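*Asks:* Work from the hints to combine the two standalone chains into their complex.
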Amino acid sequence: MSSFYTATDHFVLLPALLLALFACATLLFDFWVFPESQRRKHLVWFVLMGEVFASVAYFRQHMFLSQHGGELQAFGGSLVVDQFALYFHWIFVASTVIAVIMSYKYFEVRDEHHGEYYGLLLLAQCGMYFLASGNELVVLFVGLETMALTFYVLVGLLKRDQRSNEAALKYFLLGALSSGLLVYGFSLLYGMSGSTKLREIGAAVASRDSGDTVLFLAVATILAGLLFKIAAAPFHMWAPDTYEGAPTVVTAYLAAASKAASLALMLRILLGPLASSRDVWMPILAGAALLSMTIGNIAAVTQTNTKRLLAYSSINHAGYILLGIVAGNQTGIQGVLIYTMVYVFMTLGAFLVLTVLCRDTTTGEDINDLHGLMRRSPAHAIWMLIFLLSLAGIPPTAGFIGKYFIFLSLIETGHYWLAAAAAVYVAVAIYYYFRIVKSMFVDKEETEMPALSLSLGTRVALAATGAMTLGIGIYPEPFVKFAQQTLR
Amino acid sequence: MGDNLLSLILFTPLIGVLVLLFIPGRMKDAVRWWANISAVAGFLVSLPLIMNFDKSLDGYQFVERINWIPALGVQYLIGVDGISVLMVMLTTFMGMLAIFSSWDSINDKVKEYYAMFLLQQVGMIGVFISLDFMLFYVFWELVLVPMYFIIGVWGGPRKLYAAIKFFLYTLAGGVLMLLGIITLYLQHIAQTGVATFEVTQLMNTQMPMWMEQLVFWSFFLGFAIKVPMFPFHTWLPDAHTEAPTAGSVILAAVLLKMGAYGFIRFSLPLLPNASADRTIVNVLVVLSLIGIIYGALVSLMQQDWKKLVAYSSVSHLGFCTLGIFALNEQGIAGSVIQQINHGISTGMLFLIVGVIYERRHTREIKEYGGLAHVMPNYAIVFAFAMLSSAGLPLLNGFIGEFTILQAAFQANMAWGAFAVTGVIFGAAYLLWLYQRTMLGEVTNEKNKGLKDLNWKEWAVFLPLMAWAIAIGVYPKPYFDILEKPVAAIVERVNGPKAPVNAAVIELKKTEAR
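In order, the protein sequence lines correspond to chains C and B.
Quick note on the working numbering: the first sequence kicks off at 1 and runs consecutively.
Quick note on the working numbering: the second sequence kicks off at 489 and runs consecutively.
With the rest of the complex left out, here is chain B (with noise of 0.2 angstroms):
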């Protein structure tokens, strides 16, 4: 199975959604079971990837390359490294989780939602893996429809407004960045004859500075949008509030990656000369900083639970595009691992706002309180998904808002301290959440009877909680596995520095101080 690996990862969810289209829809839990069943094997099918994975290689491992469509120059060419290992892994994960966390709330056409969550594996994990840019563009868009529906059908009160708000906005950057690709594919033709959109011969195109602007802008647009960085984020809290809970869960923990993950993957190797030019990075800088402190703030007054996580967001993914265009090693590195983070704990969050939305519904933040008393266990998950998406020590945030901010401050102080007091703003909103709910006495009588986490619910946070832990206290796999594509990548736009694991030998010595 070694040869075709990734094919297999990319496949199984699709043979998933084949044989869920011949179990009648009425049968409700064997489309859980089988739905479940697929998720779970795309998971395990996955986890080869990572253990027969080679970080101390360059380059992409478990390549596959077809000749899909020659007269265009476009083939079928997957392979990961140490980047996308990672994103590959975080998708089959969350997809699974979210997959099981869906059994009890969605009742309704049960049979199209399983088929429509398991499609989005295929276009996500698609994304994550394509090294033909024709191919990435294909899943890019596939992974749209299926998230329309997820959102339109078993969304919220405004669910088709934020669905197709979602589809808009998020097709709209992408077929602009579809110009920039043929922009790169033309002039790559011109210079070398060769049709091809094969990512590692792209990047050897030769481009006039106000064309490689030109480009960076267009894919700008597609990924910006998708991250999504102020100020594109107004899709973001609608989509994220009228979603189900398990499309908020991999809206927050996955889709939202596929614009950072295309910042590191093709904006930056692609485009090296105009992403380290000094007015586009300020200026990338710049919204990365307003989104951070901006989603904070906004997040500070929502009244609305899932409104302030979905916010959140906003200011966490801040964080991530402004590690890449620190553009240094532990920038790029604690950009990824804030990526993940932001997963595990945005993910926990929106499963916490789910668990109590199933048993009130109603996600005003001012319809509770004291919930600690009634639902303990519930409060010390929250606890836990609180302190990990604030960043406590010991717990993942931390680690990758750290080095971020390392990144950051090594760039420059006033970067650094923009973005310090987004950390500020981000433990208070999330401590004044936790306050304003969970403390306290019992102020709503509906509140009394509430059942405490069942062991469906416990299933899921469990796991997530022992990911965020294992980064936490021993990040070092992350870093050594992201060592050699993020010191490609930076060396390929500043020109050679120091390697990755640097960062962590300092970053320990920070701690011991």
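Next comes chain C alone, as it looks inside the complex (with noise of 0.2 angstroms):
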């Protein structure tokens, strides 16, 4: 059947093959091509050509859709390429190329060799792929199952660590009870429409009234295990833990990618087949996004560990993810995918000047280990300044922009209340994250702290995530148009 596998199913599937070789060729050439000595160099450069080769294949996919606009089907329209999935594509590209660039210091550090680790990295950015062009029920979930199952050995990979392997223990129980919750989700939707395609179910839904009982147990099964995935409250628990417990630069890779593909298969789910039924789950995104920003900045307050601190800020910006999908219209959807294109540059960022703290005798994670960093290393505590006004949201600085949108989407859609608790809250959240700025600034260190561990790798990733930080920030400009274009 030569409709099988046609020229346009190659093209659109060509990244995620392209990812899934380089990624089984990473594990393969560990221990067989690769010089001993040189192994650890090899493999990060041999990882970071596959993001070259698979950046050229998305960067065909770019050309072709903006010349030709639409959107691009394979495989009977289970997998669709479109301004929205490569918007995603292109996160994911960035973070894992920075994920790569700081592990390789950050291993080298913790004296722990793990070839599988990049391999591993490869293939959850295969599933995310998944995660943002699939458009059927079982490739999205296949996809979601891909990504979380390289997570769940990533988050524990440091075998010797108690810490680390609590950590993937908690989020593997959570997270299969989360895919559960989900696959439920899918079932029902299924049972409605008769149809894993996406398209299909919509209209299905779509002649179902809304207070359906069956289509109310759908959203909200479905709806839970998607929070589980962003990490948004009430299903935040197993967040951090599991921030504190792996490796910071699976941290940083969880807090970004991670969230990053996890909204990109919300938004296609609700704005996909679940557009009709908005009135049954915008109140539960509602409620899920007061509920995220309450506990994350209440929560957070009190935290001495600096990655369980950011895991909590990092529930509180999902809440205000939510927020613009709560708002729901041009502007807020455009702002979720400004937020998302934000707060992966500026997580990355923050979460990188920790593992530069990292050294043999000290993990640089509790709040006190970045005392006189000033005094130290005034570049990293400035950068370090630079990505907490981020996250909080204080102008010029990318945090803002993301945070605007969202206040703008809120105000054009009548939300006035959920603006005015998100900008308080945008007042607490100031608190802890100065508490982080007191700490590298006014503080002096009590006994004499390690150097840190540069590289120019790490000088290279900091500058990139620092340059977009403030870059997005101070000419918002070209970022503004290009999440516009996206939905177009």
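Please note that the accuracy of each hint is not assured.
[Said to hold, decoys possible] BS3-like, lysine-lysine: derived pairs with alpha carbons at most 27 angstroms apart: (1) Lys-438(C) - Lys-854(B); (2) Lys-159(C) - Lys-41(C); (3) Lys-653(B) - Lys-444(C); (4) Lys-444(C) - Lys-972(B); (5) Lys-516(B) - Lys-438(C).
[Said to hold, decoys possible] Residues from chain C shown here face chain B by an in silico Cβ test under 8 angstroms; the list is partial: (6) Pro-395; (7) Pro-396; (8) Phe-407; (9) Leu-408; (10) Ile-411; (11) Glu-412; (12) Ala-419; (13) Ala-420; (14) Val-424; (15) Ala-427; (16) Tyr-431; (17) Phe-434; (18) Glu-477; (19) Gln-484.
No lab work stands behind these hints, which were simulated from the structure alone.
It should be emphasised that the depicted structure is a prediction, and the values quoted were computed from it without experimental measurement.
Just so it is clear, CB atoms sit at the ideal spot from N, CA and C, and this is done for glycine as well.
*Replies:* Structure representation (structure tokens):
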């Protein structure tokens, strides 16, 4: 059958194929091709090469879409590449590249060598590909599980570290539960429509009235699964422990890319098949958003572990992003896209600074480990300050642009009280972000602190994330345009 | 340079910061020299502004416009009218003196200190010249971070508490103000289809009264916290007391003025119906009056010299907001002049506390007494600052307070009557402070050997004293420059009224009587 695997199918699937191939090759080359002494360096370069290949494939898709418009469908509409998918693909590429570069020095310092680590990163990205491009329930679910399973392994990567093991187990158990809920919701959607294609499900859902019990059950279970994946309250419990226990580079990747991918899935489903049942999911999301901001902000205030603090802050950010979906108009969705991009860069940047602090004697995770950073390394202290200001949403940093769009969409759609609550929480958030700032700029170190673990890679990655965080803040025009064009 | 003068004024301190980054931190004197050169340059480039400003023209001058973020309707749009010119001059002038006054008092992390100070100058100048609401907001928030560090790193014993309190309060107000800005912006789009934050265009927006009031209250939160008006003033005594001397000076002289300026520049012209609403005016005036009297009463019972000056700011700023919400020309013009006066006199009072704190490292009033015997020059300067702050005729404070009182009486007798008691209390706490610290015999042994003012301290005080006398003796230029913009604002709120010069003439008549 010539229509089974057409040229279009290949063109659409190519990035995922490349990622999977490079992932397998990485596993193989780790103990076979690369010389022992140079292995780590070779692995990093090899993975980066894989990203270059995938980027070329994405770029060709991008060019095709900008010339012909519309979207590319493959495998009978199971996979789709449109501007929306590509927007997220670029975010995944950027965050994987940064995570890979961060990892090199981090694992050298921790004296851990795992060739499979780089393979798993690529596999996770491959799963993300299907989350952003999938247009069919089974594909989406397989993509989600591919990503989730690799993350379970990545979180538990430090076998000798008890916290890492605990984190992996916790993440795995709760993750399995949430996947179960999600797939249950998917099965209900299938039951209602008799199809796994999002389009056909959409038609079936639209024909039901919004008070329908089965529909409500489907929406509720799917939302529960999705909220878990983006670490929004009330399904956030795994986040602090997992973020704390996982190797910092994995935490960064988990917080940034995994959340972005799950948001892509969320937008696909809520704005696709479930768009007509907005009345059902909107109040649930509004409640989840408020709860996320409340829990994230209040719990973060007392944290002494920087990674836990950032975990709660990421719960808080999930709340802001959800508000954009609650507003639900063009501006709101645009806000979600921009916020996600901004969030990825500032989160990666903040974790990057934490990895730089990590030495064999200290994990750099306690808030006291940042003491006197301004004296020890002004550049890193200032970068961290910029990331924190951005996380808090102070202009002229990128975080402000993200928050601005959320506020704008909320007011546009008349959600004044949600906007006011979101605004007040900005001031609460500044309190705990500035505990880190105080630690860096005001407090003096009591004992001699070990030197920072610096490498060319970390410098480049830091400069890149920092440049994006400041760049989007100071000149957001191209990025806003990019997001606008994505929604057209 | 005529075309880009405002940008030059705005970015001169920033260039100073960028160069400063390349000076090694251990070369403290080089850092100091460069910071002072930048600050003086910042003041010098602002001189052509006042010299070339044409006060006979309506509207804004030295306007520069760059389309910054067309997708959001945000422009880099700056320009000045009479009100902003005065505020910019105040900022560059006080910034220069404050930076110079830190020469000996800051010895730790010198480079970071001056970098923060210069950065803050950029933010403050930006606030006063922005004609695009979003640009204004960016500068508004930009000011917070340097001030946090100035208080939090170089401040007194409870510096961290004071710094974060300052940050949280003003940020919360600022973000709520942002919601109001966005509402106004969306309303403007709904009516005209044009997405812009340009203030003069936003003025054409018609809003239902409830929405206008909602926006007004959101602006109010932003500005009133900054001013600060009672009951949002609680961050101020902490921040003022804990900040290093120069930080307090800038905080009092310029930073607080951002709030009052916000009311004049944005609340009144953009929301004229809400601003003239009886309930709103009454609430704001009552809060101002409470601020005037409460601030003065609390000052009376302070044991801490610096805290006394801090609370006196609450009282003085109450006059400024009272003037604004008297909603007549004298009131607003008086308010702007009072803002400048407060900058000069309270700036001097903080410097005076700083001088003695340098020598004795305590601010307890009862530690002092009879200082006039030991430090005669110091006592003279203090007396001058005190009288200027208390509103002695022929000094600056009198002009501002008198005009505001006149405006208040014109608007409502009761307002004026209450405000006058504030003047009396004001004289009381200042005179009593002077008596307790300067007069009598030297009671404390430690005060016997104190050195009088040195040349650096004189160099800071003399220009301030000169400016105070200049305003007090010949305030006409200030009223002249304020005439057009103030008349425009009042006309927008109330409909046409007599020009501001009438106030000056009236003032002179009263003096002659």
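*Asks:* Would you mind marking each hint as holding or not holding in the structure?
*Replies:* How the hints compare with the structure:
Pair hint Lys-438(C) plus Lys-854(B) does not hold up; C-alpha atoms about 34 angstroms apart against a cutoff of 27 angstroms. Restraint check for Lys-159(C) and Lys-41(C): the C-alpha separation of about 22 angstroms stays at or below 27 angstroms, so the hint holds. At most 27 angstroms may separate the alpha-carbon atoms for a hinted pair to count; Lys-653(B) and Lys-444(C) meet this at roughly 22 angstroms. A threshold of 27 angstroms between alpha carbons decides the hint, and for Lys-444(C) with Lys-972(B) the separation of about 53 angstroms lies outside it, so the pair is violated.
Distance restraint check for Lys-516(B) and Lys-438(C): the Cα-Cα separation of roughly 24 angstroms lies within the 27 angstroms cut-off, and the hinted pair is therefore satisfied. Because the beta carbon of Pro-395(C) sits about 4 angstroms from the nearest beta carbon in chain B, less than 8 angstroms, this interface hint is met. The closest approach between the C-beta of Pro-396(C) and any C-beta of chain B is roughly 5 angstroms, which is under the 8 angstroms cut-off, so the hint is satisfied. Against a cut-off of 8 angstroms between C-beta atoms, the interface hint on Phe-407(C) holds, since the closest Cβ of chain B lies about 6 angstroms away.
A cut of 8 angstroms between beta carbons decides the hint on Leu-408(C): the least distance to chain B is about 5 angstroms, and the hint holds. Evaluation of the Ile-411(C) hint against chain B yields a held restraint, the C-beta minimum of about 5 angstroms falling below 8 angstroms. Given the 8 angstroms rule on beta carbons, the hint for Glu-412(C) holds: about 6 angstroms separates it from the nearest Cβ of chain B. Annotation: interface hint on Ala-419(C) holds; nearest CB of chain B at approximately 5 angstroms, less than 8 angstroms.
Using the Cβ-Cβ criterion of 8 angstroms, the hint placing Ala-420(C) at the interface with chain B is satisfied: the shortest such distance is roughly 7 angstroms. Interface hint status for Val-424(C): upheld, as the beta-carbon distance to the closest one in chain B is roughly 6 angstroms, under 8 angstroms. Taking 8 angstroms as the C-beta cut-off, the interface hint given for Ala-427(C) holds, the closest approach to chain B being about 4 angstroms. For Tyr-431(C), the suggested interface contact is upheld, since its CB lies about 6 angstroms from the closest CB of chain B, less than 8 angstroms.
This hint holds: Phe-434(C) has a C-beta 6 angstroms from the nearest C-beta of chain B, less than the 8 angstroms allowed. Hint on Glu-477(C) holds. Least Cβ distance to chain B is approximately 5 angstroms, under the 8 angstroms limit. This hint holds: Gln-484(C) has a C-beta 7 angstroms from the nearest C-beta of chain B, less than the 8 angstroms allowed.
When the structure is compared with the earlier hints, violations turn up for hints 1 and 4 and for no others.
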